Structures are given as C-alpha cells and as structure tokens.
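Residue numbers (the working numbering), protein chains in the order written: chain A, 1 to 213; chain B, 214 to 395; chain C, 396 to 802.
A portion of the hints provided could be inaccurate.
Stated by the list, open to error - No more than 30 Å apart at the CA atoms, straight line, and that leaves these computed lysine-lysine pairs for DSS-like:
#, chain 1, residue 1, chain 2, residue 2
1, C, 493, C, 479
2, A, 6, C, 736
3, C, 483, A, 10
4, A, 90, A, 176
5, C, 422, C, 403
6, C, 493, C, 483
No lab work stands behind these hints, which were simulated from the structure alone. Every value quoted in this text rests on a predicted model; they were computed, and no experiment measured them.
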Amino acid sequence: MSLIGKGILKGMGVTAKNFFQSYYRKERLPTVEYPEEKATINQFSRNFPFLLYDGDDPVDGMRCTACTLCERACPPQCIYIIKDKDENGKAILSPRIFDIDTSVCMSCQLCVEVCPYEAIRMDSAFELSNENRFEGLLLNREELLKPNAYYHEIHPLEARETDDRMAAKAALAEAKKKARQKRARLAAKNKPPPGLKKTPPTRKKPPQREKSE
Amino acid sequence: MIVAFYLLALIAVLGAGLAITLRNVVHAVFSVLLFFSALAGLFLLLLAEFIAAVQVLVYIGSVGILMLFAIMLTTNVVGDPNRPVQSRGWVWGGLAVVALLAGVLLPIISRTGGQSPTPLSDFNPSVKQLGLVLMDPYFASLGVIALLLTAGLIGAVVAATGASEADQAKTVPENRPRFPNN
Amino acid sequence: MNNYFDLKLVELGRWIEAFFAHYPTLKLVVHLLLCTLPLALSFMGAFAFTTWLERKGLARIQNRPGPNRVGLFGLLQPIADGIKMLLKEDIVPERSDKLFHFLAPIMLMIPAMIGVGFLPLGDGLHALPLDSAIIFFFAISSLNTIAVFMAGWSSRNKYSLLGGMRAVAQMISYEIPLVLSAVAVIMMAGSLNAQEVVASQQISSWVGSGNILQEFFGRILGWNVFKPWGFAGFIFFFIAALAEANRSPFDLPEADSEIIAGHLTEYSGFKYAILFMGEYISAFAIAGIGVTLFLGGWNGPVFAGLPWFVLKLFSLFAVMIWIRGTLPRLRVDQLMGYAWKFLFPLAILNIFLAGFYHFLERQWGTAIAMLAGWLFGFGALQLAAIALSRLNQSPTIRSKRVYQLVE
Ligand code: SF4
Ligand code: SF4
Numbered sequence: 001m002s003l004i005g006k007g008i009l010k011g012m013g014v015t016a017k018n019f020f021q022s023y024y025r026k027e028r029l030p031t032v033e034y035p036e037e038k039a040t041i042n043q044f045s046r047n048f049p050f051l052l053y054d055g056d057d058p059v060d061g062m063r064c065t066a067c068t069l070c071e072r073a074c075p076p077q078c079i080y081i082i083k084d085k086d087e088n089g090k091a092i093l094s095p096r097i098f099d100i101d102t103s104v105c106m107s108c109q110l111c112v113e114v115c116p117y118e119a120i121r122m123d124s125a126f127e128l129s130n131e132n133r134f135e136g137l138l139l140n141r142e143e144l145l146k147p148n149a150y151y152h153e154i155h156p157l158e159a160r161e162t163d164d165r166m167a168a169k170a171a172l173a174e175a176k177k178k179a180r181q182k183r184a185r186l187a188a189k190n191k192p193p194p195g196l197k198k199t200p201p202t203r204k205k206p207p208q209r210e211k212s213e
Numbered sequence: 214m215i216v217a218f219y220l221l222a223l224i225a226v227l228g229a230g231l232a233i234t235l236r237n238v239v240h241a242v243f244s245v246l247l248f249f250s251a252l253a254g255l256f257l258l259l260l261a262e263f264i265a266a267v268q269v270l271v272y273i274g275s276v277g278i279l280m281l282f283a284i285m286l287t288t289n290v291v292g293d294p295n296r297p298v299q300s301r302g303w304v305w306g307g308l309a310v311v312a313l314l315a316g317v318l319l320p321i322i323s324r325t326g327g328q329s330p331t332p333l334s335d336f337n338p339s340v341k342q343l344g345l346v347l348m349d350p351y352f353a354s355l356g357v358i359a360l361l362l363t364a365g366l367i368g369a370v371v372a373a374t375g376a377s378e379a380d381q382a383k384t385v386p387e388n389r390p391r392f393p394n395n
Numbered sequence: 396m397n398n399y400f401d402l403k404l405v406e407l408g409r410w411i412e413a414f415f416a417h418y419p420t421l422k423l424v425v426h427l428l429l430c431t432l433p434l435a436l437s438f439m440g441a442f443a444f445t446t447w448l449e450r451k452g453l454a455r456i457q458n459r460p461g462p463n464r465v466g467l468f469g470l471l472q473p474i475a476d477g478i479k480m481l482l483k484e485d486i487v488p489e490r491s492d493k494l495f496h497f498l499a500p501i502m503l504m505i506p507a508m509i510g511v512g513f514l515p516l517g518d519g520l521h522a523l524p525l526d527s528a529i530i531f532f533f534a535i536s537s538l539n540t541i542a543v544f545m546a547g548w549s550s551r552n553k554y555s556l557l558g559g560m561r562a563v564a565q566m567i568s569y570e571i572p573l574v575l576s577a578v579a580v581i582m583m584a585g586s587l588n589a590q591e592v593v594a595s596q597q598i599s600s601w602v603g604s605g606n607i608l609q610e611f612f613g614r615i616l617g618w619n620v621f622k623p624w625g626f627a628g629f630i631f632f633f634i635a636a637l638a639e640a641n642r643s644p645f646d647l648p649e650a651d652s653e654i655i656a657g658h659l660t661e662y663s664g665f666k667y668a669i670l671f672m673g674e675y676i677s678a679f680a681i682a683g684i685g686v687t688l689f690l691g692g693w694n695g696p697v698f699a700g701l702p703w704f705v706l707k708l709f710s711l712f713a714v715m716i717w718i719r720g721t722l723p724r725l726r727v728d729q730l731m732g733y734a735w736k737f738l739f740p741l742a743i744l745n746i747f748l749a750g751f752y753h754f755l756e757r758q759w760g761t762a763i764a765m766l767a768g769w770l771f772g773f774g775a776l777q778l779a780a781i782a783l784s785r786l787n788q789s790p791t792i793r794s795k796r797v798y799q800l801v802e
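For reference, chain A alone in the conformation it holds in the complex (with noise of 0.2 Å):
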C-alpha cells in the first residue's frame, strides 16, 4: 500500500484538467449553445419528407404527379393526396392537395422508396414546433415544395446521385423515342432490309434502377 488518499489526488486530478482545459480546448467543452449556433447536421440524417420542384416556379415545376403511391405506401397513413382537374373535369398529372401531418409521420422513408419520380425526399430541418398545436403540423402542398437547390444542400451526395439517374432516365427515354422515330422512318420508307435491322446505338445505357425497393 502506498500513500494514503493517492488515488483521490489522482481523480482530483482528472477533474482538475477537465476543469480547466474546458476553457481554452474544444474537445473538452463540447456543447453547442443551440439557440444561437446550431449543431452541424449530419448530411445523411432525416425526419420529414418535402416535395421537390425543378426550375423556379414551384407549383409548375411539382415533380409529383399525384399516382398516390406514397399515399397508399405510408404506414400511418399521413399523406393525403387529392389531384388536380382542368376546367373540363379531366384529371391532370399533379396534386391539387398534398398534405402530410408531420405530427403522425414516422420518418420511416417509404414514401420515398416508393415515388418513382423522385419527387418526394427526407428532410433534415429539426425546428419545427410550433404555436397551433393541430394546423401547425401539417404541412401542405406550398410548405412542402422545396426546390432542387435545397436538397443538394442538405444531402449533397443523395441529390447528385438522384439527379444522374434521372438524367440517365431521361437519355435513356430520348434515346427510345428516337429509335421509335427511326423505326417510324423506316417503315414510312417501306424498304425493310432483313440485314440492317439493328438496334439503336445505346452506347451509354445507364445500369437500370433497382426496383426492389
């Protein structure tokens, strides 16, 4: 046995440091002091889904069509989707009404593995209380929609990569159309030749979406 109380001198030591270094090192104060400096978020966190929109008018722009796949994928059942008609009473493809009541979504994501034309994603923002305890959760259509700016900004890496693919389906869509239209050439022509039917020059076919999810 050594001296006495040795191990106590030790422990105050331990707090002693932690006392003082909490003033001029970092990783010994790390509290973030929220109302006025706001923790870095994480780019792959999430909890509330928001529409996006191309270009700059966001009604316009709405790449929700309204199939209401999400409405139907929701577990809680938290989307409500009503789609939009033209004067005529014929349905058109986007949503007159897209609620979500983020006071019963989950953040469980399915909406967005489910929507197949990306028009739907997580969000990140975290201050959302707020004063009407029953209208103030939920979201519509206009708080909703986002533009594609904001998603490279909270999920730079996810955006990049939804934008190539969409990009890719687009090439690959032009690139069928303009098959289809040389095949209409073709036949309008009337001169078939066994040997030359080839397939168009797909020279950069993107790999295919999974559709597992």
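Chains B and C with the ligands: place on chain A using the hints.
For chains B and C with the ligands alone, kept in the frame of chain A given last:
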C-alpha cells in the same frame, strides 16, 4: 438581565411541564430539548459560558439526539389519546419533587437571608481558569476519567472491528443457502 | 496599514453608533443590528454566489458551460432561482406533523447563523467574541442535527425518514473526529477564544520586526497547516467537516439516486429554499471555523483581515465543490466505519503528535521540531493509517465462488 432570567425560567418550566404532559413522544423529547436550551441560556446569564456550551453540546447535541434516534424508529409515537393516563402514585411523586426542591432551595435561602448576594467586583471567569482548576487540584480524578473513557473507546473500536479474517472465511462457504432444485 | 479594511469597518460602525449616542436603548439596538445584519446579509449573498460557483464549477468539471443565460456569465441565476422558489406553492403533506414541518427550516437557519457569528472575520470583526467561542461553535453546530431530524421525521415519508436517520447517524459520528482535530489546535493555542487562536498563527517574532520579508512570511508560515500536526489535523477536520455539512462524498442524507432528496423530499417552495440556504450557511460556518483553526484565520500578508478571510473561505469552498465533482458517494456502512475506525483513532493520535511537537519545540526550537515532526510524526500517522486500513478491510473470502444458477 432580570427580564431575560424570567423569560428563560418560564421557558424552562414550560418545557419541563410539556415534556411530561404531551402525548406525542417526539414532541415531548423536543420540549425536553427546549428545557435544556433554556438552561444553557441561564448558565450564559451567570457568565458561565463554558458550562453553557457544554450543556448545549452534551445535553442537546448528544443526549437529545440519542433519545430522538431511539424514538425515530418507533412506529406509533402518539399513543391512544382516549385512554387517560392514570398514575396512583402521583401524589407521592409530587411530594418527592417538592421535598427535593425544598431541600435544595431552603439552605440557599437561609444562607442568603432572602437577599441577593452582592455581585463580585473582580469576577473574571475564563476557560483558562477552568482549565487550571481541572489540571491542578482535580488532576487525579480527571486522569482517571480520561483513562476510563479511553479504555471504553478502544473497547468500542475493537468491538466494531468484528470477527477475525480466519473466522469469517471458515464459516461463510458452508453456510451458503443452496437452491432446492440444484 | 495591514488591517486597513477591518479598522475602517469598525470605524464605520462606531460612526453610525455615534448618531444614537444620546439614546442608550436605541444605541444598543443599533449596535446589535450592526453586529448581526451585515453578517446575515453578507452570508446570504455569499450563499447565492456559491450556488452559482458550484453550478459553474461542476459544469466545467463535467465539460458543460453551466448556467449562462441570466446576466453576465449567468451571475443572476441565483436571483432567478430565488424568485422561482418564492413563487412556488408551499406543499405540506396531509399527514405530516405540521408544526415540526414548519419549524425545521427555522431550526436549521438559527444554528447556522449563530455559528457564523462565532467566526472571527477580521481584526475586531467578531459578532460574538466569547471567551469560549470555539467550543460554543461546535455546540451550536451540533444543533443542525436536530433540524435535520425534524425535517426528516415530520414529513411522514419513508425517504425523508431514511434521510433523517442517515443524517443523524452521520452527524453524530463525524462530530467526534471534527472536535478532536480541533482539540489539537486549541491545545497548541492554549485558548478557546477564536481571536487568540488566530493570533497564535503568526510568527510573532517576525511580524513586529519591520523587515519586509519577515513581515510577509511571518503572516503566512505561522498557519497551523504548515505544522505537521496542523496539516494532518486539517485533513481530518476537512473530511469530518464535509460529512458534518452533508457535502459530497458524504451526501448520503440527500443521496438523490437512492432516497430522492432525503429529508428535503417533502419540502417545496420557500421552505425548501430556506433549508437549502441553511445547509449552505452551516457549510460556510464549518469552512470558516476550519479557516480560523488551521488556515490562519484572517492572517495574511499585505491586506490582513477580512479580504484574506473571504479569500480563504471561498477557496475552501471551491475545494469542496471540486471534491463534489470528483468523488462518488460512500456507502452507509463505509461511512460509519470510516468515521469510527479510521478517522477517530487517527485524530486521537494527532493530538499526541501535537503534544510531542510542542515538547520538541520547547526543548530544541522550532526548526528541529518541524523536521522531527514532519519526519517522525508523519511517518507515524502514515503507518497508523496503513495499519488501520489493513485492519478495517473486510475479510476476503478466498474459497471458490459458486454460481448456483449457472450450473
Ligand atoms: S416518412 Fe413514412 S410515415 Fe412519413 S410520410 Fe413518408 S411514408 Fe409516411
Ligand atoms: S410524391 Fe411521388 S409517389 Fe407520391 S404521389 Fe407524388 S409522384 Fe406519386
């Protein structure tokens, strides 16, 4: 001075009276403590600071706490309020108290003749004098008491240290309770 | 120039009293008020400041910034807390002993405040300059126990009762090493008078000499902590004082992880605030008597008097906070064993050591006494401590452990 004396005397008598009449034991102990503190105040009035301090330290700080500690663990401190306390011997008790009081007071009264004695002019009580008195004429008795107390303390320490290592190591493993299904 | 502050304060008091010179009764009242009111107010202020200090210090130890919203560095936090406490509802349990429940906070405040009065805050700044101030201080501070008992018993709550029981047991046990370690000082100073104890902690041949260096160090090196018995005594005293003041690591009576808040459980609102304040002020009082007995009281170079006393008091309290941030709480059995089987014999031994030192000093002078005291005295204490801790170790059972449910 006189006012303070009567006030303290009143408190002392009140505390003592309450201590024997209250039905709640804890309250009774606290009135005893009240009595003790009034007594300490009276000592202070007599300029016997040391005695006053010891009165507080020993009677309130130790004896009172000891009583409280014992009573704290009793579940029923109040008792049945409907049952009157009856004691056949209260007359004798009262007489004994009166006799005791008279035995103490009468000689004093007779000696002073009912007049308060003239205050001493060069009275200088101090702890130093107390210490000198204790260390000079009463040294032998003080030493004996100190020795007794030390012996008691050492005994207490030895008693508190408990059984020796060998004893405990021997007894513990065999006496372990075993589960019936094992 | 040394006692400048104290002299000025005493002068100020005289000056105020002089206004009432023609009315003796009024003068007495004013005198009493001057003795008590500033003391009470300043210690309440110190209490407020200490709560802030404690929260800040603990926070920094735990890598947090601590309160920093109300006022600069959160300095107004105690005021905000006070307002909050005042506005809260005062809840008295239905089946509690209402009278005692009400009296307990008062009973805690009274001895705490009287105890503070016995402290010699400076040269001539002494509210109760009794000849036996030190023993009176210990007598009064033992009354704390009664208040804690009252609070614990009257609440009619099992946690309160447990806390009260623990408090009483702990306070009784630790009072003995506390007083015994003070006895060594009293013995060496040859007086129970607090001012004389303070005066004994100057190297008197140096202080009056006029040599600047000697003046400076004569007011420091004479402190009792710098003597072998004083150092050991100070450590014992400090440990016992922590327990007396119910401060961590001896905060078993309020162990919030075990018994909610002990005797404070059923208190709310202003009564709780008063109880809390009473505990802090009695902690102050005990720290103050520690300063008086071991740390030279108001002795110190340059600004002897009140500034030094305040500085020492707060440093001692800072150490208490530091300890609170470091050490875990003791177990109940460890607590009692520590007081009776470890601290108590060592404190007695320390009294002998002090006597030995005194004898050596008389015989051969201070230097040799110091040397021998530090060497042999400390060797003896260390050996005794080791022996005691060996003796007190619970017997280790070396037989193989049987895990009944595993097999
Ligand atoms: S994240 Fe889940 S719960 Fe929330 S809206 Fe999407 S599918 Fe519904
Ligand atoms: S967000 Fe996507 S899945 Fe939901 S309705 Fe719009 S397009 Fe369909």
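30 Å Cα cutoff - pair residue 6 of chain A, residue 736 of chain C: holds (20 Å)
Satisfaction of hint between residue 483 of chain C and residue 493 of chain C, Cα-Cα up to 30 Å: holds (19 Å)
Restraint check for residue 90 of chain A with residue 176 of chain A, where alpha carbons must lie at most 30 Å apart: Status holds; Cα separation ~28 Å.
Hint consistency between residue 483 of chain C and residue 10 of chain A [alpha-carbon to alpha-carbon, up to 30 Å]: violated (42 Å)
Pair hint outcome, residue 493 of chain C versus residue 479 of chain C [Cα-Cα no greater than 30 Å]: holds (24 Å)
30 Å Cα cutoff - pair residue 422 of chain C, residue 403 of chain C: Roughly 20 Å between the alpha carbons, so the hint for residue 422 of chain C and residue 403 of chain C holds.
The structure shown violates just one earlier hint, number 3.
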